[in-house]
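Student: Keeping the supplied structure of chain W fixed, place chain L upon it in accordance with the hints.
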Amino acid sequence: MEEYNNPSKVYVDVLAVFNQEGELRPLALKWEDGRRYPVDRVIDVRQAASLKAGGTGIRYTCKIRGKQTYLFFEEGRWWVERR
Amino acid sequence: MKRVILHSDLNNFYASVECLYRPELRSKPVAVGGDPEQRHGIVLAKNYLAKATGIKTGEALWQARQKCPGLVIVPPNFPLYLRYSRLARKIYADYTDQVESFGLDEAWLDVTGSHILGDGVQIADKIRERMKSELGVTVSVGVSWNKIFAKLGSDLKKPDATTVITRENYRSIVWPLPTEELLYVGRATKRKLYNHGITTISGIAGAEPTYLKSILGKWGEMLWAFANGLDASPVTRMGEESLVKSVGNSTTTPRDLVDEEDVSQVTYVLAESVAARLRESGLEANIIEIQVRDNELFSFTRQQKQLRATNLAGEIHDAALKIFKGSYDWERPIRSIGVRGCDLVIAGSQQPILFDDAQHSKLEKIETVVDDLRRRFGHFAVQRAALLNSDLNNINPKDDHIIHPVGPVGYLKG
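Top line first, the protein sequences correspond to chains W and L. Quick note on my numbering: the first sequence kicks off at 23 and runs consecutively. Quick note on my numbering: the second sequence kicks off at 554 and runs consecutively.
Just chain W, same shape as in the assembly (with noise of 0.2 Å):
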């Protein structure tokens, strides 16, 4: 995908635990700037697509740091929206 240069998706470093039932659960991210943040809670799971990044994929609602995020893993990758 890097021949997309889209200033408002922004790819991110995410740990990330596969569990027992084999769903793909994010724990933590981390910003550009190096700063991590760790997901306090998963609120839902579904496909969706991002207009404002441009793309689809996994979208994970995020509790992080009291705010909620979109978190979306698609083709193996994961970014967010740039607010």
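Errors might be hidden in some of the hints.
Stated by the list, open to error - Where chain L lies over chain W, by a calculated footprint (3+ residues, C-beta under 8 Å):
| hint | region |
| --- | --- |
| 1 | 26-37 |
| 2 | 63-72 |
| 3 | 76-89 |
Since the hints were made in silico from the structure, they are not lab data. Cβ coordinates follow ideal geometry from the N, Cα and C atoms, glycine included.
Tutor: Using the frame of chain W, we list chain L on its own:
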């Protein structure tokens, strides 16, 4: 039982996906085209802003630029479109297992048995909503009781719309349309019809089928049936793999073929290759076609629909030879010959014919074993006795073949 058929069409498919992934382009006229750096290359798809300037799919990029100087041309990303096509199919699969893909961007769905999930319109609307929210693209859906009108319906309102064509309203919706809105009416057919004063679908519907047959051949009767909503063809379970529309091999033989025995032998070689390739793709052919070229380079093709779809060399050979016997008068020796399987379906997806099935499955087992032997020990490890003493048997078309899939260009549509 009244059938409920949907036809779902991803609007401006390639262009929509590109605009989703490139938000900066959404307010600009965009065309997806091959090789924008080169001077050749054609428009594969365009968005509505580009369409408004009169740009047509299939025209040269330089022509498109002339019509629209601000046009943004982006190269195609087929892996991404294929991924989108699969995601769309996944959505369809939530409503029915009878899905027939038509290119990457279109599909028929038979939802007759899906009423627990809603009626045709409700399912169509659900699919449209999910395409938007899950994939970020839109579809137009036609709902009708046959495939032809469902497809026609999906073309009527765009983007992101559901169009219903019922037995009550088809005369007022379908019949006033120009003939070319009907599936399979291409430029040549349109012209022939026009020359006979038929310009609308109602003109086709109201004509005598025999009259249409006299103008268009067997297609005439078919089109008459389509125009009257009499198309009963089933939605076949068919995936992207069916993008290969036909599997064929031809060969120019080491010497000219002079009798039926020669033709039979070469046909065996070709049929084996076609059959093996069909089996590799898990496909069967409903139609067998032969192509013959004589030593003065006059050539013709003939095809015939088979009683049952097949991917067995023996059956393909027999069918091809039968067609050949019925169509060649041996005025001249033959220089090259080809065998092709068309109208492909997924193997095993059709009702078997009860009586000859034991014979068929026996042949199937034998040919699968031959495939395996050849894979392990090479093509010439196993040969038909009919070919052993032949001077025509040193052809291995399967490994020499060139595949001709119908690429995206084969599906140039708006």
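Student: For each hint, tell me whether it holds in the structure or not.
Tutor: Comparing the hints with the structure gives:
1. 26-37: That given contact holds, which follows from 3 residues of the region 26-37 of chain W lying within Cβ reach (below 8 Å) of chain L.
2. 63-72: Coverage by chain L holds here, the residue count being 5 at a Cβ distance below 8 Å.
3. 76-89: Satisfied; 3 residues make the cut.
In summary, the structure agrees with every hint in the numbered list given earlier.
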